[in-house]
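Chemist: Dock chains A and L against chain S, hints included.
Chains as they are written, first to last, in numbering that gives the first Met the number 0: chain S, 0 to 321; chain A, 0 to 335; chain L, 0 to 522.
Since the hints were derived computationally from the structure, they do not count as laboratory data.
Quick caveat: nothing in here was measured; it's all calculated off a predicted structure.
No residue lacks a Cβ here, since even glycine has one placed at the ideal position from N, Cα and C.
Among the hints, erroneous ones may be present.
[Unchecked claim] Which bits of chain S does chain A cover? Going by a derived footprint, with three or more residues having C-beta under 8 Å, they are:
hint, stretch
1, 123-129
2, 139-148
3, 248-259
[Unchecked claim] FRET-style restraints, in silico, Cβ to Cβ:
hint, chain 1, residue 1, chain 2, residue 2, range
4, S, ALA181, L, ALA399, 21 to 31 Å
5, A, GLY11, L, THR348, 54 to 64 Å
6, A, ASN252, L, LEU148, 44 to 54 Å
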Amino acid sequence: MITSLASNPMLRRFDPAVLTAFGCIIVLLLIGSLVNENFLSPDYLLQQLQVGSFLALIATGMMIVILLGQIDLSVPWIITVGGMMSTAAAGWGPLGATFAIPIGILCGLIFGLINGIGVAYLRVPSMIFTLGINAVAQGFMIVRTGGFAPQDMATEAMNELATGRLVFGIPNPVWVWIAVGAATVFLLRRTVFGRCVYAIGNREVAAYLSGIRTQRVVLAAFAISGALAAFAGALLAGYSTKAYQGMGEPYLLPSIAAVVLGGTSILGGRGTYLGTVAGVILITLLQSILSVVQIEEAFRQLIYGAVIIGMLLLYGRQRRNI
Amino acid sequence: MTDYAATAPHSGDWRYWFGEQRGTLLAFAVFVVMFAIYTGNHPAGFNADVVTTAANKGVLLALIAIAQTFVVLTAGIDLSVGMIFVLCNCVASYIVVGTGLEATLGVIGVLATGLVCGAINGLIVIYGRLQPIVTTIATGAAFFGIALLIRPFPGGEVHEGLADFLTGQLPGGIPASAVALLVVVLVIWIPFRRSVLGRAVYAVGSSEPAAYMSGLHVQRAKFAAYALAGLLAAIGGLFITFVTYTGEASSANANTYTLNSIAAVVLGGVSLFGGRGSAVGAIFGALVFRTIGDLLFVFDFDPLWQPLFLGIVLLISVCLGSFRLIRIRNRLDLFG
Amino acid sequence: MDGSTPAPLFRMEGVSKRYGGVNALTHADLTVETGRIHGVLGENGAGKSTLMKIMTGVVQPDEGRMTLGNNIVRFASPAAANAAGIVCIFQELSLVPDLSVADNICISNPPQRFGMIDRRAQRRIAEEALARAGGEDIHPLAPVKDLALSRRQLVEIAKALVRNPRILILDEATSALTAADVRKVFTVLKRLRAEGLALLYISHRMAEIAELADECTVFRNGRNVGTFKSGAKTDTEIVEMMIGREYSHVFPSKPAPKATSGAPALEVRNLSWNNRLKDISLVARAGEIVGLGGLDGQGQRELLLALFGVLRSTTGEVLIDGKKVTLSCPSDAKHGHVGMALIPEDRKTEGLMLPMSVRDNLSMASLPQLSRGGLVDRTAEGKAIDRMISLLGIKTDGTAVPVGTLSGGNQQKIVIAKWLMTNPKVILLNDPTRGIDVGTKAEIYQLLRKLADGGAAILYYSTDYDELVGCCDRVLVLYDGAVGRVLSGAEITERALVGSALNLGGAQPAAGTPSLAGAGAGE
Chain S
0 MITSLASNPM LRRFDPAVLT AFGCIIVLLL IGSLVNENFL SPDYLLQQLQ
50 VGSFLALIAT GMMIVILLGQ IDLSVPWIIT VGGMMSTAAA GWGPLGATFA
100 IPIGILCGLI FGLINGIGVA YLRVPSMIFT LGINAVAQGF MIVRTGGFAP
150 QDMATEAMNE LATGRLVFGI PNPVWVWIAV GAATVFLLRR TVFGRCVYAI
200 GNREVAAYLS GIRTQRVVLA AFAISGALAA FAGALLAGYS TKAYQGMGEP
250 YLLPSIAAVV LGGTSILGGR GTYLGTVAGV ILITLLQSIL SVVQIEEAFR
300 QLIYGAVIIG MLLLYGRQRR NI
Chain A
0 MTDYAATAPH SGDWRYWFGE QRGTLLAFAV FVVMFAIYTG NHPAGFNADV
50 VTTAANKGVL LALIAIAQTF VVLTAGIDLS VGMIFVLCNC VASYIVVGTG
100 LEATLGVIGV LATGLVCGAI NGLIVIYGRL QPIVTTIATG AAFFGIALLI
150 RPFPGGEVHE GLADFLTGQL PGGIPASAVA LLVVVLVIWI PFRRSVLGRA
200 VYAVGSSEPA AYMSGLHVQR AKFAAYALAG LLAAIGGLFI TFVTYTGEAS
250 SANANTYTLN SIAAVVLGGV SLFGGRGSAV GAIFGALVFR TIGDLLFVFD
300 FDPLWQPLFL GIVLLISVCL GSFRLIRIRN RLDLFG
Chain L
0 MDGSTPAPLF RMEGVSKRYG GVNALTHADL TVETGRIHGV LGENGAGKST
50 LMKIMTGVVQ PDEGRMTLGN NIVRFASPAA ANAAGIVCIF QELSLVPDLS
100 VADNICISNP PQRFGMIDRR AQRRIAEEAL ARAGGEDIHP LAPVKDLALS
150 RRQLVEIAKA LVRNPRILIL DEATSALTAA DVRKVFTVLK RLRAEGLALL
200 YISHRMAEIA ELADECTVFR NGRNVGTFKS GAKTDTEIVE MMIGREYSHV
250 FPSKPAPKAT SGAPALEVRN LSWNNRLKDI SLVARAGEIV GLGGLDGQGQ
300 RELLLALFGV LRSTTGEVLI DGKKVTLSCP SDAKHGHVGM ALIPEDRKTE
350 GLMLPMSVRD NLSMASLPQL SRGGLVDRTA EGKAIDRMIS LLGIKTDGTA
400 VPVGTLSGGN QQKIVIAKWL MTNPKVILLN DPTRGIDVGT KAEIYQLLRK
450 LADGGAAILY YSTDYDELVG CCDRVLVLYD GAVGRVLSGA EITERALVGS
500 ALNLGGAQPA AGTPSLAGAG AGE
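So that you can see chain S by itself, here it is in the shape it has in the complex (with noise of 0.2 Å):
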């Protein structure tokens, strides 16, 4: 079915991946209606864009990441690193509040940077490298708060663009989602940053011979990664007025598995924004029912680890390179 679809020439523009993700979007949709009658409320949507808005910050630089060939696996904790330091900034006087959210981001920059250095000047493996800054990361927190629960409280402003609705009545989260989206096409689609990461994903050797310099694109990927799952962090901590310990865990894996069930190939070099998307929507629907069905903790995870199975199953196979 997914091949004769392929084959029709108007539906031949686009990946089957994203084709089958937005399908799949349906009927998670229809499931939700089922259990839910207000599922299809335009109140209820918007609530679950808004809280997508997060995971798709954060899935939007691990997309860049992953089109490479990499991985950032320093994700949770950056996150956190945003929370911390934008609450702690509110902190410094006005100043410090009037800059919480660069601030946060700043930090998380720093973190990606070093990341980036290690990968493409040290070459040490993506993995193991921000499973490192992962833990340096989360050494400096502890340090930071001494254990506790930090006490920092996020600011107004902070509150306010992660839960009001300034234009339209669309949460603010959502077009936060979608400044950083369209750029983030604009950036894969029209730059040469964009060839580059594509030319480096595919094949890196004939990109640098190509006269790519690819160190620098790597260096700037993971900056990127950084910069924005440390803005999640601050909105996030936003959102719930104050950061706390732990808060980057819940979005590691959903971030890769948005990635990837959006048609990106975990190997890199092929995959469109539009497909991650559709992934972070699939992934917010899905845990969003399923807490909806009120079914305890355990049979969420078993159901999210079986769909996402089944779905890759359904379109995300390997593919021969030509």
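Modeler: Same frame as chain S, but now just chains A and L:
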């Protein structure tokens, strides 16, 4: 690239063995040094109890590290080992109880659980043709869900005689856990390593196309790797039940063991690209990892700074391999 | 036919295989008999490798049947083919890099004891097999990845011999061997033939086939276009069978050497690196095609890489247009005022991103020129690409198709086009016509001359003496990392090239240095 001219047969052989085992030997050396410092500075000194406590903790991570080694050798990764570990812990807290016979059956049941989990991973990777990293993330979630079903709250019990025996000391002050680990290595790892199947696993990790062209059973090798990983994770789950006397579905624990197993494997000289390394190296990598933490305790390192220190040490140790970059003259060698 | 001829050992009838829309093999026939060496010739893409892959169980045929002895057979995997006695010696693919030589030789059916591999017995077997294959100097415990290519080839041969094959297939198996090794292998093959083995020898090199084969089959476009006894046809006739039309090496005429003023486009002074390049100095002027000759592995590849900024810790100077430049990466070399381009050795792994589109591959090197402020100018890109495609005559089904679907010749054209889009002043080519069909080769020669006439300086490394003679204005023959001799104009003859490659009159070549046999003529 040099040509190796053979001199007299069997002379110079040690040179090749040395080259092959370099990572393992390095990890071993580092461990010996660190452990010496640790016991030397421990307030209680070098005595059996200190060593046994350290051994129990070390063996736990070592078992998971061996599990991870099987999969990493095939150039894959298993992000579900921690979850299988926790699942088997929960299962053990139910069935490894009662009489000696019942407990033995319980042990077999736990091992079977691990095998089945590993087999599921293997089947999905092989026949679903999905990438290991994504597969094991998803199956890990599922395994953890089952663990939660079994033990929503920490509890349960375990056959005390067995537990005390395996976490205690043998005559002479030798930790039973260390002997158990040795048995695992002798009964599982060495026969595997020397078998046709084991060699096939190395070949698949080194170059899957070459392995296929050479007529090796690539699928069988991968399946064995994932199944054995599950088995070893089950042994680890059994052991932690003996240590804690309970079963607990702790996601923090599961994650920590998974990620630490990857660190242990890298520290032990196993290449994440597959085809190189040994479980023995991974064991020492795990022990080194554990001992660092203990060392900090012994030196009265401010507990607040310990996680940061551990993280930095981990980072530096994985960067040590980058020293080889200095000697690279052709930049094309930088790429894979 | 002699009535007492035994039935053929192996027969392939009407075998076809399609990959996507391409017919790799169409109704192919082949007959193999015991105690004979059967040569298989054909251009790249003629179907030789597909044929071999089907025979060894790597792929399945779409139609047709294969008969072994009296039985119809079908091999589902390499293991099955091996079990039936059909063994293939590959170029490189089947050795596992991280395992030892002995492990590789006995990889599929090692001697066992108590369920574990018997290492001592395995080592003995390996040593015997190595001796039989002519590789006595290879240590059985050495990891394969540390061996030179020629040694690895011998290990591959030893590995095949261990399996007691009934049919032995050699697919370009001698390409990396030195002449001395080739001699040894031929002796082994002839002995095996006498022992009753059937051998299938697939190669480009007519000289080798002429020496070894009893009969030959030529493949073209996936079909068997003729089988004949060795010696029944002349080389030209055979080549015409291979390419399907009249054959003549077409080289564009060379202009008379002009008097030039000003600094040369490229000048190298005392370039040294890692004991592989020793004090090389050369000059290449705009409008010149300078060839790099000499035996394989004398530093030609390294020289090109060094000039392109890929090698580290080089000493000496490189001057472009008289100005000294320091190059630490290809990005520097490609840059505006330096303007170098390198067509790399392996187009599939170094020159192209196979799954990416033709368009993306073409613009990969010229993105700085085709963009403003980091944004790609799509219209400029489109125009430049269309111009290149028509200039080079690249045959493709639109610019959005993945480059991997194009033929080898077109792929190489894309690599060249990619670099032409950067308007380079100095063009470095690393054996650009290897594995390319004859028609495309001629087009590339014409193109290079045109580029030179347009003002580029070209440095051209080729393993084909005909090309060096036909294309180049001057040839630098490298020997052991240094420039041995410079030949200009009419001095460039095959005899002179061969002579200076062997450094006749100079120092003795190191043991194992490759010699002439196996290079060039008639490819």
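Chemist: Against chain A, does the stretch 123-129 of chain S show at least 3 residues with beta-carbon separation below 8 Å?
Modeler: holds (count 5)
Chemist: Are there three or more residues in the stretch 139-148 of chain S whose C-beta lies within less than 8 Å of some C-beta in chain A?
Modeler: Result for this restraint: holds, n = 5.
Chemist: Does the Cβ-Cβ separation between ASN252 (chain A) and LEU148 (chain L) fall within 44 to 54 Å?
Modeler: holds, 50 Å
Chemist: Is the gap between the beta carbons of ALA181 (chain S) and ALA399 (chain L) within 21 to 31 Å?
Modeler: The hint (21 to 31 Å, Cβ to Cβ) holds, given that ALA181 (chain S) and ALA399 (chain L) are roughly 24 Å apart.
Chemist: Indicate whether the distance between the beta carbons of GLY11 (chain A) and THR348 (chain L) respects the range 54 to 64 Å.
Modeler: violated, 34 Å
Chemist: Count the residues of the stretch 248-259 of chain S whose Cβ falls closer than 8 Å to any Cβ of chain A, and tell me whether that reaches three.
Modeler: Coverage by chain A holds for the stretch 248-259 of chain S (5 residues, Cβ < 8 Å).
The structure does not agree with numbered hint 5 stated previously, though it agrees with all others.
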